Every structure is written in structure tokens, then in C-alpha cells.
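Novice: Take a look at the letters that make up each chain.
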Amino acid sequence: MYDRHVWEATPGKTLLHKTDVRTKMVLLILLAAMVLIVDSPRSLFLLFCLALGLHVVARSSPGRWRILMVFILFGIWGSMTSQALFYTREPRTIIACLLAPTTPGIGALTGGVYIYREGLEYGAVQALRSGTMLTLGLLINWTSDPRQLLRSLLSWKLPYELGFMLITGLRFLPVIFQETGVVLTAQRLRGFNPFRALSPQHLIQTAFQTLFPILARTLRRAATLASSVESRGFGRETPQVALPVWSHQERFFCHTMLLAVCGLVLLKIMDALQFNGLYYVPSCRGLYDLMKVWL
Amino acid sequence: MDSMIQFCNVSFTYKHRSTPSVNNVSLQVLPGEILLLTGATGCGKSTLLKMLNGLIPHESGGKLAGEIFVNGQSTRDFAVAEMSRTVGMVFQNPDDQIFSTTVFDEVAFVLENMGMTTAQIEPQVKEALQLVGLFDKAEASVHALSGGQKQRLAVAAVLAAKPRVLALDEPISQLDPQGAVELLSVLRQLNANLGITIIIVEHRLHEVLPLCHKVAIMDAGKLIWQGKCEEAYGRQELFAAYGLRLPQPVTICHQLGVAVSSAKVSEAVAAIRQRYAVPYYEVLAAATAPGRPEDLPAKLPAVVTARSLSFYYDNPTQLVLKEVDFTLFPGQFIALMGNNGAGKSTLLHLIGGLLKPAAGEIAVLGQESAVSPAVGMVLQNPDFMLFNSTVREEIGFSLQQQRKGDAAGWTGYCQLLIDKLGLSGLEKEFPLALSRGQRLRVAIAAVLSCRPPVLLLDEPTTGQDIGHIEDIALLLKEYTRQGGSIVFCTHDTEVAARFADRIVVMHQGRIVADGAPAAIFQDQVMLKTSGLKPPAVLLTAQALYNGTALTVEEVVGYVRQTCLGSYTGENPAS
Amino acid sequence: MQKIIMTGITLLFICTLGLLAAHIFGMNNHVSFSNKQSGTQTGAYGKVMETVLGQIEVYNYQRMGFNKGFICFSPDSRFLAVGSETGEVLLYTTKGSLVWRKNMGLGKLTALEFSSDGQSVLVGETSQQGWLFSLRVKDGSEQWRQASVRELGVNIKEKTYPGIVAIRTDAAGMIYAVAQRYIKHADGHNEYVGRIYKFTTDGKRVESFPGDHNLDSWVSWISVAAAGDKAAFATANFDVAKYKYDQNIYCLDGNLNTVLWSNYIDVVSPYQNVTMRTSTDITPDGRYITGVASDGRCFLFDSEQGQEVWRRSISQPQKIGGVYINATGNYSQLLGEYAVFTTGNTYNRANWQLPTPVEHPNSNSLFVFDLQGKLMNNYKFGGMIEQIAASNKLAALAIGRNVRSKDPSVHGLYIVTIPETQLVDYAATSGPCVAVAISADGQYAAGIEAPLQLDDGQVIGEYKLTLLAKTQR
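Each protein sequence line maps, in turn, to chains A, B and C. First residue of the first sequence: 1, per this note's numbering; consecutive thereafter. First residue of the second sequence: 1001, per this note's numbering; consecutive thereafter. First residue of the third sequence: 2001, per this note's numbering; consecutive thereafter.
It is possible that part of the hints are untrue.
[What the hints assert, rightly or not] Covered stretches of chain C, as calculated for chain A (at least 3 residues, CB under 8 Å):
no., region
1, 2008 to 2015
2, 2098 to 2105
3, 2157 to 2167
4, 2387 to 2396
5, 2450 to 2462
[What the hints assert, rightly or not] Distance condition first, Cα-Cα at most 27 Å in a straight line; then the derived BS3-like pairs of lysine-lysine:
no., chain 1, residue 1, chain 2, residue 2
6, C, 2393, C, 2380
7, A, 292, C, 2102
8, C, 2102, A, 268
These aren't lab readings, by the way, just hints derived from the structure by calculation. Note that the structure is a prediction, hence the values are computed from the model and not measured. Note that beta-carbon positions come from the ideal geometry of N, C-alpha and C, so glycine has one too.
Okay, chain A solo, but in the shape it has when bound:
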């Protein structure tokens, strides 16, 4: 987990490594849009599997798979747990009672704490959404040279500061993870017991104590990188630099994907109009049927 090399982009010869960063960014944005538009658990699951499949294509290392699995498991189980307990929509079916409403004091206060079946299902579906985006985001991070990423963002007229901030963040995040591990190690060595007192004040103080050295180191590092990069000609006054060519095939692919997502949006609108009783096209019944299952 704290091994920075697992987090940092590494070169490779897979299709995903060779793909232009812009194509990958477009794919991320469009797939993110798709998971937001789509409500059907089936489609969300398939999109999620597609994202995982891309990791297989990119030949992510076992260490990376572990990180991915840990994050996804946290996402799924965390989301399911929170929704299972706090689901408020109807219908909702109780499958277990954690705290009966008759429990003295807290029972009456809370009205009982239950696990709702629909909450579990809803939580799992939501987790698929966030899981897909996380998976794709990590994929791009792991298969893209941060420099290419920066150039691509700039070619899309992203302000220089923003682009550099993003890249610096991506660049340093793995290092910060690693250094967090080192700080925790150092605290252990000093006999630090974060849970000695469970007061919120103490815990907040603990959090800051862990944060200080990492922040300090990060700030110093950021300054050095900025100097280094500017010393090599990168800066606001620089005329537009030679950008890697975005191949026609990839552009075409992106445009097709964009059209597909636009189509999806239209279908969703159509479905919403039908659902709300505003507009129904009888000849499109087959489409509505498909949307019910897949959208």
C-alpha cells in the first residue's frame, strides 16, 4: 500500500499505454457520464467489468490490483452498509433489526436501527458507479506519462496553473502515500499511541501531527519540481509547444463515443418523459423496453 512504485505510472507496450492521453481522458469522462446516466444495475455492472477489463489489457501489476481491489471493496461494502442502515425511500424491506425500537433510551430516540434490503441493493449499485470511475481514473494514472497528461490538458485550453496542479498532484500522490507510511513508522518508533485518548480533540491533534511532516516535505518538493520544470522551458511565456499528434483513428473513436453518450442522454430524456407521463412515442416501444432493462 505504501509502496510508491505501485502508484506511479510505468511505461508499457500495451494498447492502453500507446493510446493518446487525450483519448483516455475522453474515455474516462464519457464513461463517467455513462455511469451517471445509466440506472440499470446490469449495465452498471457491465460497465464496471469493462473498466476492470481495461486493467487486464493494461497488464496492471499484482500490487496495483491489490490497491484496486481494496478501494473497490471499501467502496462497495461501505456504500452498502451506509445505505442499508440509512435508506429512506419506499418500498424498503427490513431484513434484520440491529436495534429494536423498544430498547430503552436509544431505541426510542432512533426509532430502531434496521438493515434494509433495498438499501443494500441501492448501495451496491451506487458503489458500482464510483467503482467504475475510480478504476478508470487509476488506469489513466498508471498508464499515462504525467507529462503527456499535462500537455493534453493544455491542448484543451486548461489553464496552466490548473494543469500543473493536477499533474503535480498525480505525480506526488504515490509519494505522499509512501511518506505517510514512513511517518506512521516514525510515530510507532517513538511509542506513539494514537488511541490513547479517544477524545475528538486528541484525535484531531493526532491527525495534524501526522499531516505536518508530510505537508512540509510535500511543499518543499513541489517547489523543487516547479523550479526544475520551469528551468527546462515550461512556463506561461512559452509559445505553444509541439504537442503529440492525436491520431485520426483515436479522434474518430472519441467522437463516436461522444455521439454514443449523447444518444444515451437523449434516450434517458425520452425515458424520463415517458416515465413522467409527458411524452410517449408508441412506435418506439421496443426502445422503451430495452431502456427499462438496460438504462
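Use these hints to put chains B and C onto chain A, whose structure you have.
Specialist: Using the frame of chain A, we list chains B and C on its own:
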């Protein structure tokens, strides 16, 4: 000849500061010269360096007075990006500079910024890689490179633009000896073959000086002295005054009143022989030195015992430690040496209880090793150990956790540490805001405060002034005299030779040598395999009188004693 | 240690995704039971297959209607068609294997029937267009579809949709479908729009009743003589209002052109009208027609003239403790020489949700009369007879909630002999059994169980299909 670099009455004050960091500096560097810019931490040398390519003042803000000309151009008139074609800047930590995934991409970065096409870029990249000896690694991942290779990559990354000037800010401070040698060799070749003017800011003078043509010393923003290297060798006291470390042969010569214009052992020996009639064999009766404490007999039980210790991180077939046997006795000061990847840090982590062995056993004070107050550890980067709001809290932290001392964990010993480590007056300061040397000392004090029987230090002297290194080493020596045991990881053979009772050399996961410094540093074969160089003082003693010496004082004392009356030079005291 | 952790994480990941996939894609659990483990009481029938149909909303005792589903066997007893609440039509063999499943999309399934030649499955839905589909038994592909929206209209804003609510066939293969659209107005009054269609086997519409306007009464059931020369339906209007089609029973000719006769049934106190929701039934030869009213009266009519041959009260309103209680008259079936009627749960006449002091003695019961009107036998079940299916001297009954006793142990699929009302076998279900079917030869029976939330919040049962086959003795 027109200068390549010219500082004309340059002063600079950072934003939000009241005192200038550079104060009225005038300096010239001729084309093809290598200038070493040195001084104590905080003297302004790095600030001066950043003026070369316009980082100051264009990016830093602040107030700049005076002019800086590089290749006839004023840095005020050109943006940093434009200056990058003339000046290549390399910083201290390669990990903070490299942000591509492949070697090729990193080197191509500067050329892309110049608007070159791919067809133009490729040959220039390859040329730059060739120059730094990384041609065969063009497609390699940057993560697969060693520290030295990364720093060479950083050099190649600026070299590709074919600058006339290379400015390097403490380029070897984070490198092991092998990496340092490789980088310095590259710089020498660049200067010799391409005539590139080089400015190096560095502490490790004894390694860099032999490379340089000129030296400039700064202190508190002012240029104290500048001159040729040969002249620098005659100014030992100046260097000493500012805590700068000349090569040992030069120091020996100076103390013997011999003038020398080179740091080479052979030249120093020749110069000494010109003045002193030193026999070619060692006269044992005269073998003197400030007495070395005898090795503590192994009567007391060992504090650390490791038997057949093996360890791997991920892959069981890639052992990082291979059946290591190691014992540490009370009062011992061990220098653990070896190249990066030899397993030194891993061994320390195992002793500290942070890792569990894959095979074998390790015991600390008779117990299986675990994180405990019995073992104190100072990590490689002490910044990660500073997480309290004041120096006082930091030093008292461990004791507070153990509920010792007063409410803040403060004891009389803590106060003593403050005094001995020169931290007086800084008790209320925020530790992370202190200077680098101060931060290290706070970290050491914080670990020492609870007086652990075993103290482990993982390369704490990286990037430190010699003065601070000596302060720390002396404190630690005293600690061992009080019964504490210390394992001190270092690349610095001179420091190890001076202070350690015992040297343990590791190579590829095994201990390849373990013994007294004198014996260790005489094993040339082992040293070469392990990537270590014997301290210059030992080589000097060997060359001079076929003897063994680990400190400058030993050699000077020997020569004086054996050659009483044979001095033919001026009285060095006059 | 690291390896163990990694293995653990990987396993947990795969299991989590696997469970998620199983849940999302609704992998069915096919469980076969041998006779010994059949779970039926007597072992006369054994469980061939038990499968979860999906996840549906869970109702409790307070809910008036109950989610269900539709099942029927093909005429040759080789196939079982299931229409689930989740919007799917599934076809199984009577050996228990799934032939195909089809998601019907937007529409809500409201009727299911096999064509008389057993080659098609007729599916009725309620939707914006109110389709009647014919799907091939072989592969589920659509043969034809007909909409009811042209006649019944639709209001997509108010979501009052037309739907096919009953499908029947005659021996010649003609298809009769009842289409209905129910509109609840803001002022509280109810409006009904209905039509009865007749189609050929290839989906061509040949007749409709009425021809040029819609029925204005609640009509959701029809029975057709085997020869196709008569069709009879009853009305079930909630409101006491003036309707054009205000008679209680109508008998049409086979072409749906002419009303051969219609009858008005007198209202019995304390009721204000007569509703016959799931009536009528007609003998195969078309001689007799039965009907049962919600007030507990059952009738036998002569189909020629519409004369009432006899009437019986299988449940009468009783005033106990100041409230009228009764058990609803539910289903009527003609099985050979016998007329079978069922009653439902006891209810409070003033408001069905209010409690009743006692359970009506005739609630949740099966009554068998001969055609002369003599009571042959009756059988009291512990819970609501949600559905009855009969063939070959056997009746299969789906027994669901008893909203008075709330005893879940009564739930299950019961098979009794007609007229003896002897229990042949009983397959218990945890949740209420809400739909039932029995094959023409009586060899197979199937039931659908639904989940039920008890008063303490616990959910029992699941939405499940059970297929039973007669065991070889």
C-alpha cells in the same frame, strides 16, 4: 577572455524577509571553468545559483539588485524558458525533478518545450544520453534507475538543450559513493570534451574539489573568498572556520605546514616528502594518535543478536538479507556501510522491530525484536520524525508517551541534549521550520531523550556540514561511553573511520566484512566489491609510511614524531 | 503473511463481485428434489423444481391486494408458462428446465394463457398501448401483437393505461381478450372503459364487443364455451351509479355481436350493489354458467335463456358486536358435473381494514355443489384462497394470508379432489402462495410464493416458483 558568467554587485532579498540572502556578490566564471560554490547551510549559495537561469527573480519574486550576465545576456531580459537554452539547472534530489515515466521522455521534455519536432528530438536525446552513459537505458522506466543513474538522467534532461552552462545544486548529496563517482565523472567529461561551464554547489568538498578549477566560499549572503582550487588548498583555516571539509590529504599537508596544490594522495605524499624525511616503513614506537578506546571486550552480554537472518519484501527468491549473523555489544559504535541496496536499512528495520525476519532470529536485549523503547531509531529523512508543534514538545514526546518526566515528558537529560546539540534558544520553535541541520539534531535529541540502550541511525549525515556531522558524532560517542550502543549507517568512510569502533560492510544482503576500521579499510578487494573507497587519510598513511591511520591527527602526529627535526619548511606557527 | 492477505483480498473481491452479479442478473437456483425430500405432505406429488423469480416489493398484512404473477400449463402438459411481477415471461418444461425467458419491458403483465394448440403463449399487459402478444413456445419470439389503446384510449399524464386483463381460447383456437382501463377521478368517482376482443390464431381481430363504443362497467373476466358459440362475463362496479352496461351478467354469442341475455341480480342487505369480479365460468358444452358475488352468493344459470337455476349463500353477512362481517365470494369454477366456489378472508363491511370480532365461519373455504345445487363437500383452508385452478377432478389452490389469524403456517399449494375435497397433497410455502396452476391431466401443479412482511417486521418467504409432479407409485 570574456566571462561566461558574471555577477555584478548582486543582492537579493526574498519576499517577506528583511535581510538579504545574497549581499553584494561579484563573481566571474570563465568559459569552460568548473566553479565550486560552497559555504555553510543558509549562506545563500543556492540562491545565487538560481539567479543563473532567471528563476530568481522571475519566478521567486523578491528584490534583486545588480546584474547577472550569462553568455553576455542579462538574466533580467530573458524569461526562464529562454534561459533554459543556455543554462541547465539540476537540483539536489532527482526524485523531485523527474516526472516522466521513461528515460527518453524525460530527456525529450526540454526539447519539446523548445518546439522541436519528434524527428529533431530523437537524435539529440540519444546524444545527451550517450554523454551521461545512459544510452542503453533510453526506453527504461525511470523507476528502475538507481539514485546515481537518476541524477545522471537529470543532467541529461538539461543537457539535451545543449546549454553552455550547467548549474548543479548539491547534486551528489543524496547519492552513495558509487553514484557520486559516476556523476562527477560525467561532469568532468562534459567539461573536458564539450567545454561546458559548470557551477556546483556542494558540501562534499573532498569529493568535488578535485574536479574543480575554482572555489568560492559564501557566508551569510556574502562572498567571503574566491580563488583557484590550488589556492583553496592553502586556505585550510578558512574552510575550517566555515565548517567546510577539505580533502584529508590537503588537511594533513596544511597541518604539516606543507603547501600542496592538489587533493591527490600521491601529490600530497610527494609534497610531504619534500619537507619531511619520512621513512618508507612504519616506525611502530612512533605510532601515535589520540588513543582509540580499545574495543570493549565481549564480556557484557550482547544487546543485539542476529543469527542466520534472512528477509525478503515481496519475492521469496529475491532475498534482501541472506543469512546475516550480527552481534552488537553495549558501548559499541558501529558504522554500517555498503552501497544502496546492500540491505543496511533493512537490517536496521529488523533490529528496530519494524520488520519480521523471513528466516533466522533476531533478539534485542534478550527479547525477540519488536518496536519498543529499548531501540531508538532515527530515520533517513528526519523530517518525517518531527510532528510536534515545538522543539520542546518534540524532544519530550517519547517520554510523555511513556508517562515519564514532567507532564510534557521533559527531564534534565532533555535539557542537556538541547545544550549539547546547539539547540538552546530554539525550544519554542516549530521544528519543521528550522534549518536542515537543526532538524536533524532535534530528531536525534528526540530519540536520545529516552536513552534507549540501542540507537540506530539511518544515514543521518546526508547533506550535512562537516561541523554538524562532528557534533553529532561526538555526542553519539559520548553516548556509547555511557553504555549505549549505536549502529550508524553511512557512506562516509572518513567519518566512519574517525568515529566508529567497528565497521560492518554489507554487500548484496550479506555481511562481507566486520572488524576494526583499520583492518576493514585495508581490504582493498572487499572495498572495491562493496563500492567503498578507503578514507584518503588511510591511503596517505599507506603511501607515506606504509602505515595505518584513520584520522588526520594520526598521520600528522606520526610524521611529526618520526620526523622530529626533519622539517625543512617554514615554521607553520609563524 | 502478505500472500495470505493478498489471497484473502482477492477471494473477497471475487466473492463480492460474484454475489453482486448473481443478484443483478438474477441467477436462479434450480433445486431438484427427490420424492423423499419433496416437502409435500403426503408425497403424492414431488417437487421437480423450485426457483426464485426475482426480487419484488414485500407486502404486509395491511395491503389489500397482493403481488402475484401468472402461471399456466400448456394444454399438452409439457410446458409451464410464468408471468412474473418483475415483468418477465418464462417458459419451463414440466421437467423443470428453462426454455426461454423474456423481459416484457415497459408493460405490466396482466394476463397469461396458452393458445389452444399449445404452440403459443398469449401475454396481456397493461401499458401505454395495452398490448396482447403472441409468443412462440419454441423460442419466445413474437408472432404478433395487438393493441387496445385505439379503443380504450390512454392518459399518459395520469398514467391510466389500457390493458389486457383476461385471455381465453376456444377449441378452434380463437382468442378472446378482455381489455380494461380504470380511471379514478379527482372527485373520487370511478370510470371504467372496457372492450372484449376476438382474434384468430394469427392475431387478426375479427370481433369486438361492443362494436363501436366501450363498456362503461368494470369487466375483467370472461368465460368462453369450447365451441366458441357463447361467451359470458360479469360486471363489478364499485360505485352505485348509472351505467349503460349495468346488468350483472351478460352472455354473448360467439361472434360477440349479440347479447343473448343479461341478468340483473338483486342486491342483498347490507350491500348497495352486486359485484362479481372473477366471474363467470361456463361448462365446456356451454350449457351452464356460474357466477359468485362478493356478498357471498353463488349462482348457476342456464346459458340458453339466462335463467337462474339455483343460488346458494356460501357466506352471509353477519352482524356481530355491532359490525357486519362477511367472507368475500371469490372464484367460481365448473368442473365436470360440479360447481366449485371459494370464499376469501373475513372482512369488516364498514372498512375492510378494521378488525372483526371473529373469523367468519365460511371464510377461506372451498364449496362443491352438484349441478342441482346440492352441497357435496366443503373444505376450510386456514388462509385466503388466492387462486384456484382445476382439471380432471382435481383442484389446486393457492393459499395465502389470513389477515385475521395471521398464521403463516397455512401458506402453501394445496391439491384436493373434486367433489370429495380430499387433500391429495400439500406443499407448504413460507410466504403466501399467490398463484397456482394444474395441468390438464393433473400430473403437474405449480404455485408462486410471494414474500410477506409480518407485523414484527420480519420477512418470510420469497418470490418463488414451485413445480410439482405426481410421483409414480
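Novice: Look at each hint and say if it fits the structure.
Specialist: Going through the hints against the structure:
no., hint, in the structure
1, 2008 to 2015, "holds (count 4)"
2, 2098 to 2105, "holds (count 3)"
3, 2157 to 2167, "holds (count 3)"
4, 2387 to 2396, "violated (count 0)"
5, 2450 to 2462, "holds (count 5)"
6, C:2393 <-> C:2380, "holds (18 Å)"
7, A:292 <-> C:2102, "holds (13 Å)"
8, C:2102 <-> A:268, "holds (22 Å)"
This entry does not satisfy hint 4, going by the numbered hints stated previously; all others are met.
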